[in-house]
Amino acid sequence: MVNNLVEVRSLVVDRGGRRVLHGLDLTIEQGSVTGLLGPSGCGKSTLLRSLVGVQELTSGRVSIDGVEAGGKELRSRIGYVTQDPSVYLDLTVRENLQFFARVLGAGTGSVDQAIETVALSDHADQVVGRLSGGQLSRASLAVALLGHPDLLVLDEPTVGLDPVLRRDLWALFHRLADDGAAVFVSSHVMDEADRCDRLLLMREGLLIADDSPDRIRELTGTRDIESAFLALVDAAEEERTA
Amino acid sequence: MNARILLAVSARVLTQLRRDRRTVAMLLVLPCVLITLLWWMFRDLPGELFDRFGPGLLAMFPFIVMFLVTSVTTLRERSSGTLERLLAMPMGKLDFLGGYAVAFGVVAAAQAALAVALSVGVLGLDVTGPVWLLGLVAVVDAVLGTALGLLVSAFAQTEFQAVQFMPLFVIPQIILCGLFVPRAAMPDVLHGISNVLPLSYATDAMKTLTTTTATGDVWRDLGIVAAFAVTALGLGAATLRRRTP
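In the order they appear, the protein sequences are chains E and F.
According to the working numbering, the first sequence is numbered sequentially starting from 48.
According to the working numbering, the second sequence is numbered sequentially starting from 921.
If you want the footprint, here are the derived chain E segments under chain F, 3+ residues with CB under 8 Å: (1) 88-102; (2) 116-126; (3) 145-153.
Pairs of lysine to aspartate or glutamate, EDC-like flavour, derived with a Cα cap of 20 Å: (4) E:Lys119 / E:Asp197; (5) F:Lys1013 / E:Glu120; (6) F:Lys1013 / E:Glu103; (7) E:Lys119 / E:Glu103; (8) E:Lys119 / E:Glu54; (9) F:Lys1013 / F:Glu997.
Simulated from the structure, these hints should not be mistaken for lab results.
The beta-carbon is built from N, C-alpha and C at its ideal position, and this holds for glycine as well.
Can you build the whole structure from these sequences, using the hints too?
Now the structure itself:
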């Protein structure tokens, strides 16, 4: 039995006088890893911000577990990682997590657990500003894991990470999904597609595909997602000019 | 408002500050150095000039310093994404602002204790009223600076702009607060303007304390300064928006 945790209906968002999202419809299921793939600037972050409830919507609606996104009762149930690591650079990893845990009302046990999950135990008492880029984004990810959220919204969490770490993080996303969370991950790197249960391909504020990676390849008759993406774009262009 | 979250913000701000030893040193030592400079400058001049200017300066430092520190730190919080993250969490806007006000209020108390102890104990500033009340005025003043700093940071896009708000919001208050020219002796229009600027009341309170033992007027002035601070915090909360375009 599949449960849709997130429902997006006819979502339109304008930013700075420009239409960024052109009427999106999508659902996100519990217990799965959904990938949002598309080139940078196509509106991925705006969609993620809409799910978290920090984006002003032009029209349409986004609901999570039947509640309008951004609702008070949702705020401790969503883990959100922005593209820039939003942690305090002058605090240690542990101090950062302790602060956010206090805000969320999550126990101190969850702090150690989150640090362990992102493999930063050896750096827990280091000031975040002195960590490497990869460690920094993992520290930011750890904050999102506090208090076992039902929905994880992750904006390019694996960018610039070493391949081993990337593999480990994807394994982590699947473990979290197996525990019942809905994991929504954006990326502009097409080769991450196969790590997702389901893929949304996005271009210029529109979804051009929404299926499992295998089905998308099958439907487009291609061998990799990058070619599938191109095939879909070409098909759409032809349709428009025809 | 949630006390747990508010205090978590305060504790976090103070931890960050503790990391930044140089800023702490400046916050605590600089006012003392400047007050000493003032005392030294007036030392050989006739008339009790230090007694006339000292109290005003004690009112001014916490205000200016906290205004600057707060506007820059909250702007950093806005631009680094941590504010967006916090507002996506169960964080009330007033918890956030209150947390900052409490943290900087604590710093201001330490700053005021040092500056008042130096002025009264070492440099011989004459205070007729209770000395602790002088300290309290300084703390409320610092909270006012914090509240205004939080408010203006909403209108600044860069740290440069935030610092530029000082000439706009702070210096006119310093000029018109009655330190240079008694407020009653100003042209009517300027006197009227000084009546709606909070620093005027802080300076009045300090002056009253140095001249009489009656504290009724001091409490009234203190109440007015506190009301300005609360209003600025309220307006600041209105500028914090969970949803941004």
